[in-house]
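*Asks:* For the record, the sequence lines run as chains A and B.
If you use the working numbering, the first sequence closes out at 394, no skipped numbers anywhere.
If you use the working numbering, the second sequence closes out at 807, no skipped numbers anywhere.
Hints were generated in silico from the structure; no laboratory data involved.
Just so it is clear, CB atoms sit at the ideal spot from N, CA and C, and this is done for glycine as well.
Be aware that a few hints might be false.
[What the hints assert, rightly or not] Distance ranges between label pairs, derived from CB positions: (1) B:G447 x A:V333: 49 to 55 Å; (2) A:E360 x B:A476: 32 to 38 Å; (3) B:R727 x A:R319: 36 to 42 Å.
So you can see what is in the structure, the chains are spelled out below.
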Amino acid sequence: MLIDIDPDSESPLYQQLHDQVVEAIADGTLQPGEALASVRQLASQFGINSATVGKGYELLRQEGLVRTSRRSGSVVARGPADDPTPGFEPGWTARLRTLLAEAVAHGMAEGAIRATTDFLLTDFAARRADPTRSAS
Amino acid sequence: MTVFVLVFALGFTAFFGVLFAVVVGLRPPELPLSVRVPQAHANDQVVRSAIRRFRVSLLVMWLVTAAVTTVLVSVDLPALATVIPVLLYAGLTILALVLSRRLIIRAKRQGNWFEGVPGRVSAQLTPPSYRHPPFIWAVLAAIVLAGATAVGVALYPTLPDPLPIHFTIAGVANAWAPKSVWSVFGLLMIGAAVATLLTALSVAAARYSVRVQPGDTAEQAALRTQVQRGMLTSLLAELAFVLALGISAIDVTQRLAPGARGVIAVCVIAMVVLIMVVIISNVARGRVQLRPANVRSGENPRPDSIDDDEHWKGGLFYVNRDDPALVVPRRFGLGWTLNFGRPAGVVLTITLLLVIVGGGIVPLLLVTHAR
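Build out the structure end to end from the sequences listed, making use of the hints.
*Replies:* This is the structure we're talking about:
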């Protein structure tokens, strides 16, 4: 799987890395147990500071999406089919609240917000069901 | 002798000229002559004519080198004629590259090719599977070296003390060393060390992370990694065997027929030819295997890379302090280059230079000392 980062973006590089891994887990591109490149390998391929990649991986570890062991390196720790991560929901609800508030504040209609949410969720599920569609 | 020098100098430089002319076509389309260009401009007229100009310059520069070599040989300086053409051609090739790539750089700057082009840096998050290097060549190298050692051991009691280690062109010994394990098996030890080093490098090459070329799909990036790793591992592994074979052959002829210059010359020429065959066959095979990785379909366009020319001095030397990679794939030519933005890169370069210079000076000192 390829991962693209935009050095000119306002979003920090580690955040871009984190977000793409989360999306890949959601749409089934990354399966539980799948091996990820090491921090050093990834930083060397990108040609960026190892600390930046390390920060992205650390964030994913804290969230329980990735686990790192000395023997097998970093692997995907869970997938959509696993039980919900304990204690995940309150923090997520708070962030979703901000995102929804943003949409409302910018005048998006409630129906449009719901339609977008439905579309994205259906898309993730469809890609999981048909891996050929998940080519990003 | 003069014919040998001419053939060596012209053949050697011609080989590199042809290699560079081929290698230019091997690079990803977004890196013509080591200049980063957006995909939209990869096939521009100016890019094509710059590459043509470089290839023509390679030929012109070779003719200049050939003329200089002929002059050196005709004024009876055959010793200089082996070194100067190679250095001259290396310098002229760099000059040709710098002059030809300036065309693209100028067009890129004037046309603001990267303006408004979204730039991305890509990496393979899931590393492609690891494939073993072909160990058969290391085994064969060990067998050949062991065979030559066995010949040395068998003949050791009959060898003269002091042992002649250098001969004039006429085959008369003019330098000796006391008979010892070092003077008898020294060449084979160097051979074993070189073969071990090349095998170790081939094992390292099997794991090396290939940078994703802009425009590559995930499959193409994986293919590029597999092909480049495969090409480098087999190239290095085969070179280890060829060098072990050549050094063993030279050593055995030294033992069986000391001072027979003709036989050594044949061994050296055969070794050089084999090295060229190994390089050309591996590069040619890699080029064919890489073909699907260089196909760009318009349907699913991949984002462009960012313009990283600032880190590539002259298109040849990589200097980037932020990059943790010590070794990066070359933009021009094959294999890798060091990141001179890291202290370790500078230290390694100085060490390599010392080893090369030392490797030339120490044997000279030994020979003078033995006199």
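*Asks:* In ascending order, which of the hints set out earlier in this document are inconsistent with the structure?
*Replies:* none
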